[in-house]
Amino acid sequence: MSSKKLLMTFPVTATSHQLADYRARGGYATLEKVLRTMQPADVTKEVAASGVQGRGGAAFPAGRKWGVINLADGQPHYLCANADEGEPGTFKDRWILENAPHLLVESMLIAAYALEVRHAFVYIRGEFDLPYRRLAGAIEEARAAGYLGAPLFGGAFSCELVAHRGAGSYVCGEASGLLTSLEGKRGYPRNRPPRLTVKGLYRRPTVVNNVETLANLVNILRDGAAAFKSHGTPKNPGTRLISISGHIAKPGVYEIEIGYPWRTFLEEDCGGMMNDANLKCVIPGGISTKVLTASEIASLTLDSESVESAGSSMGSGGMIAIAEGTCMVRLLQVMLRFYHHESCGQCTPCREGMGWLHRIIDRIVDGQGRKEDLDQMLRISRMNDGTTICGMGDAAGYATVGILAKYRDEFDYWIEHKRSRYDGNLECRPST
Amino acid sequence: MTDNRSVLPIPSEELAALRARYPAGFESSLVMPCLRRIQELRGHVDDGDIGALATYLGVPRVQVEEVLSFYTQYRREAGGRWQVAVCRNVSCSMRGAERLIDACERKLGVAVGETTPDGRVTLSTVECLGSCGTAPVMMVNEQYVENVSVESLDALLEELR
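So the sequence lines, in the order shown, correspond to chains P and C. Following the numbering used here, the numbering of the first sequence begins with 20 at its first residue and continues without gaps. Following the numbering used here, the numbering of the second sequence begins with 24 at its first residue and continues without gaps.
Keep in mind that the hints were calculated from the coordinates and are not lab data. Note that this is a predicted model, so its numbers are computed, not measured. Hints may contain errors.
In silico contact screen, one side only, chain P against chain C (beta carbon under 8 Å); selected entries [stated by the list, open to error]:
1. GLY105
2. ARG113
3. PHE147
4. ALA186
5. SER188
6. TYR189
7. LYS204
8. GLY271
9. ILE306
10. ILE339
11. HIS360
12. GLU446
Ideal Cβ placement from N, Cα and C applies to all residues, glycine included.
Next comes chain P alone, as it looks inside the complex (with noise of 0.2 Å):
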């Protein structure tokens, strides 16, 4: 199978994400050929049309959220990017972010053409430094060239874009916190509904988008639907941008074709484990979806369903592969820490949940773990499922009863030996 590129598709240079080297790649001739030629209502329907799906984790099919959005409410809509990248594992959309700024700006323009949006954000997570100036850059050069701020084309359309930097907060990632937080508040998330498609930033309709998903529109709009939907798979349309990271011997970004055979992209185009080491499990797409063995993934594809018929999730795309040898006991120690340190606190399930798990697992790794504790933690991440108003009480949960599921015996074997059954070291090794 080949693997079609649809957004790494030139040279990263010197000078490949700036303007002039982006309108000789035929930047900002798509937005001149949908202003031009098509009405708002046509945008939308080719983008549902395309079957693009979310990209930041939840998979929702951005033409079914667009379509949402009632063109003659009279209402101001908003339109924003979500480059809040914090999902660990992830960096995909840094990538996008740092090379292809004026990709993520025409695309937006597209978006807010169709979606009748006069302002939009890009709100960039607050640690992004490199990809804030590109994008900022960017902005600017946009700006100067008369996409930004004034009337394109002869029509009557025009839209301004700001780009708005977060301040550190994991759950700012989280559409509606996302919002909140771009009101100038805590990031706290919201309750659905109201859908933040009927009311979002400041309680206007508002479309939040990932960074790649959106990214994939000026090719989706050049190339039409048609073109787009015979990349990947029926159900799962396009390519993937998976960042890489852990034991492997390439980290990094790569584009895939949605479909791609998994064991083929980690031997193949990432160069296999680091030090020769054995492929214990993946996590497929950032923390928060479930751990996956060497022998699960052996014969799946990197697409929706088949990630999901063996019980995970494509997620964010944040894939990280761990050697033979890791224990799991301090990789959750991790995770929960990291959990318990990004609650929001709004729900008491998570907020006193997260820090359940995080103090047992401690207690565990201390060595005064207690038998019951591990059920105690099943019982804790089942509470958390569904009860609090944003995913992050799940997605611990989902991490949590994964590598519970799979590596129960590391846990009971440090209970009653009071250390890792390996040296609870989390770097890769050589394999004896």
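Starting from the known structure of chain P, arrange chain C on it as the hints suggest.
What follows is chain C alone, placed relative to chain P:
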């Protein structure tokens, strides 16, 4: 005592330009960009800034305080000249972040969360910086330093004067 100083450290032309970028009625959205800029200029956000910003934007003072205490990047007190923040999340830990944090503590002679007595470096840890492919990674002030090793740490810390 609440400091009611009414002057923000941000030049007024810059504030006006920032304000003009957002739609009318979005004053509340300026809380975070303004706090970031104050911190860039002053090194931290002090009590006087809170009152001045609340007054300038017409938002409740408590909103500014809530924001300051929620997000991890804001500093309420002056720290070292260099802020060294080492990622300790999954991918970085799998590539040696735990040894790196130990080495930072040893070489700087401070624990995580502390500042060297000469005011040079404040050491902290952070959760996932979104740079897992070049782990382990640390942030030195605003800049990412990627693929750090215990061996390359000496030269790196030496540069932070």
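Hints breached by this structure: Per hint list: zero violations.
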